[in-house]
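Visitor: The two chains are supplied separately, each in an independent frame; assemble them into the complex guided by the hints.
Protein chains in written order, with my numbering: chain D, 757 to 1026; chain E, 389 to 743.
Each hint should be verified, as a subset may be incorrect.
Claimed, not checked - Reference listing, derived: stretches of chain D covered by chain E, where coverage requires no fewer than 3 residues with Cβ under 8 Å from a Cβ of chain E:
(1) 910-921
(2) 924-932
(3) 936-949
Treat the hints as calculated values from the structure; they're not laboratory data.
The model shown is predicted, which means the values in this text are computed figures rather than measured ones.
Cβ coordinates follow ideal geometry from the N, Cα and C atoms, glycine included.
Residue strings, one per chain:
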Amino acid sequence: MSNVRRPRFAIGTTMAFFALLYAPIVVVVLFSFNGQKSLSVFKGVSLRWYEAFLNDQELLQSLGMSLRVSLVAMVGSIVLGVALALGLVRTKGALGTFAGLVMLVPLVTPEIVTGVASMMLFKGFGIPLSTGTVMIAEVTFSISYVTVILRSRVAALNPELEEAAMDLGATRWQALRLVTLPALLPAILASAVLIFALVFDDFVLAYFTTGVTPQPLSVRIYSAIRFGVQPTINAVGTLMLLGSIALIALALAIPRFFGRRGGLSILSGE
Amino acid sequence: MAHPAVRLTAVTKSFGTAPAVRNLDLDIAQGEFFALLGPSGCGKTTTLRMLGGFTTPTSGSIHLDGVDVTNHPPNRRDVNTVFQSYALFDHLTIWDNIAFGLKRRGRPTAEIRERVGEMLDLVQLGDMATRRPRTLSGGQRQRVALARALVNRPKVLLLDEPLAALDLKLRRQMQVELKQIQREVGITFVFVTHDQDEALTMADRVAVMNGGVVEQCGAPEDVYERPASRFVASFMGTSNLMTGVYSGGTVTLDGDVRLPVAQRTDCADGSTVSLSVRPEKIWLSDFEPGMVRVTGVIRETVYSGPTTTYLIDLAPGLRVAALEQNTARARREDRWEGGEEVELGWRPQDCLVLA
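The shape of chain E in the complex, shown without the other chains (with noise of 0.2 Å):
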């Protein structure tokens, strides 16, 4: 298995003359599972699409395990795609939705009715196979539209936006079991998604789109913790984003904030720069030695159950949100109240500086 599963090269699309996908280069590896995360607009369905033969690029090549297939139709690729609204066949039964794929490609009876079986068992829908997808909750849906395309065994198994229809709750607990699935058929799962969440949980690799281009791509912590971009550091999770002057291992920012920070070589002494600190990396007591420490106001207090935001003012103009875990040792008494002078700190690492 020398191939990846799945290579873009250079691949742009068009729509007029605005590309939705500029110059994409994206190698996935077999058995992944694989998220195109970014808001609407960013390119992530066209490319998704575009694997799954709906949509042609305008240059540029696909290859899925080593074969050119740039130009091959749906019906000529061995890929499945779990569509948005799960573009289940209302006339026919969910033994007959799962079992479409094996028909067409002429399998045997007694092959198509052990893996229908099979995946029927897989989906824990074994009891339903006569009924018609409308009489079916949304979750079992979801399921039927799974095992129709994983009956077929592909190379890639594409998903767009797979869990977007579901509740809060049922998606949770789809996202814990999509993910025992691919580890139990070993397929590469491709999944669209704007939900960072979503793509946190289940992906082992996430790349954020944005603008038709890859931001960042990288493991889940990777992502979250060393945002590459202003962008990434914002669409991913709550950052604190400051804007200041870069000067030898300082930032000032407005209200003549000095915040010492790592030493960056590729910024030249006063340039304009972008500072992240994820809320939760600000402390409020217990320093560490060697830590950035910075006094405020507190202007908010957010109580939203397991957690407390703080909304705290550097200077004039300049706020931060801190967030405190409300764990068994935490008192109520000891929570700030707004207008009270706190000291900030935080790790010289947390707290990144964006070119």
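The following block holds chain D by itself, in its conformation from the complex (with noise of 0.2 Å):
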């Protein structure tokens, strides 16, 4: 590879594309590290806005909602996912078809018309607006995530292994959890770090659906922002980066720690 001539403007390209990318992200944690109260102005280094954020109560709040809402939304929608994945890919004929249409339809709506819609249906069977319902719409909407990324590892199973535990005695559930729910298991780990971080930095879905408190950190920051932008708020980003940062690199780690393929290779691009 050292012989093949790279072109300059590949290069000026590449650094021009990450500049803009990263640009802003490098500016929100450089002034969560600022001294002073300014947003334009780098002075001094400090934690005090990390203190700040520490102090808040409201925020602290917010964060423990979001935490929970992941958490919920992970747990419900690998539990249901897995189980529809399995249904889609041996459910053959017409009835597997649609319903394999109709669970993409999620993934192709506007976030903001599921959002609405989710809202009015609440409202609708005047079910109060609160954390409950954040949770059962986040579900709502991770799952359509989780079985596709399952789905293909489903249909990529040799079928003979499961005949193969029913053969050695397995009854179907047992056949079920013994072997195909482990050889499963990388992408089912995988897609919940997915799931548990797509979940926590939802904002529209989040916005429409959630009560007045506490509210998820996505939508209290958005409203603490209307009210002139805070410097903890840079603080409460830059953590949340790194907790990005980290559930990225479990998803890319877990299908290396099982020594195979079947994580998350849309992103880690194999």
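Guide: Rendered as structure tokens:
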């Protein structure tokens, strides 16, 4: 490869791309350590905004809610999404094809439509908006992602594996639990991490389905900005960034840990 | 042990409208090494899957050791399967793979440890116990699949193309090994293959299937030496198949070649029949008295190591193959060349009339 001439403009384009992509993020990280309240002048390094965040009960409450919602959405959508993926792959004929198409609709629907629709649904049934409604909406929204990732893995599974388990005396349920699910585990864990990150970062759906207090972190930040940007937000943003990087690293590491492909090949580009 | 290990009674299996297996009756004796042989789509795999319980017959019944298991699921049948893909569990060690069946049946830990150990020794994988299937070679994985099935001491062991994934040399070696293991454990083996060589080498009895029916069932020698149909003759090894008209002990082929054959009471004069002569049954010299003799012209000489095949025209458009062993006594100068006229001969019983 070292003999291949690399055209200069390609290097330039690549650098410009990364500069544009990361400049805003760098600004946020940098100013989270600002000693002053200014958002344009950097003066002195300090951790005062991190301290301010840790003393802000409302923000902490929102962080707690976002973590709870992400956890519930992760577990809920994994349970339902894996079941749906298994069902879709094994249901032959028109019914299976139809269900497969319906499953894809949430993926292509603009999120704002899903958000408004969810809100109207809850209102229509007289369900007050709360942490619970955010959880329901996020689970519903996340199932499609899990199913899309898992479906190809299920389809690639050797059908003889479950037959072998039953041949050796396992019931249908035991074959699923002892053979099929362990074979899918890398993909399940990787999509769990992805869903956690997606839901934690989600704003639109959370905005339309949350109650007044507490609010998810993303909604809380948005509300705060309407009253003027506080440097505390930079600290929160930096922490969220760190958390996201850790999650992505985890998602990439899972398949390697299992020593086989099957995780998020979308992310690793393999 | 009055019951056969396996009894199929009038078993039919249809997928949609097309029957994959038609009205199959089959008895397999205790301790037999039985082969279901045929081309793809002949119904052999469907038959094996019905024995394993992965497919339910459309009609008919299946008995294992005298018990009707027609509608029993796989986990309630005393049979185990070696799958074509081996279907080893990659998330478990070799030891846990082999112990899987015993654990499902709730055997005591001490017994599991002992029986898994015995099996690992039988298939010579004692030092691989803690490895994962993925790290093993094809031949080793094949042995794990075998051990995982045999450890349960099933009444019948089913093998679906067990050696298909192995290279030729390893396949030859495993053929012998499988046969030895079967003799050692004394369990009835039923295996499916499309490889006639494999069936002849390993099986005590072979059922040749075609189009969902058994065309012929018998010992390897019977099936090879005395094929009952044109299909069996052509599927088992190579055969010179010639079409002609039967008339009182003589068959007239194209080009007015007349061949005396054994009398057949079931063939009317003037009916069209097939003749089958194996290439290795054709002599080109040192004839015996009483042989059928014809003349032909050598068209092609194909040398392939231990044997030489001659393609000989008996008449224009009527070509047969004759096979000669290149034994120590055969000399290079004695080989026939193209264009030479030769005399061919075979014993009357080696030329079969197939209706």
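Visitor: Decide, hint by hint, whether the structure agrees.
Guide: Hint by hint, here is what the structure shows:
Judged by the Cβ-Cβ criterion of 8 Å, the region 910-921 of chain D is covered by chain E as claimed, because 6 of its residues qualify and three suffice. With 5 residues having a beta carbon nearer than 8 Å to a beta carbon of chain E, the region 924-932 of chain D meets the requirement of three or more and the stated coverage holds. Under a criterion of three residues with beta carbons nearer than 8 Å to beta carbons of chain E, the stated coverage of the region 936-949 of chain D is upheld, 3 such residues being counted.
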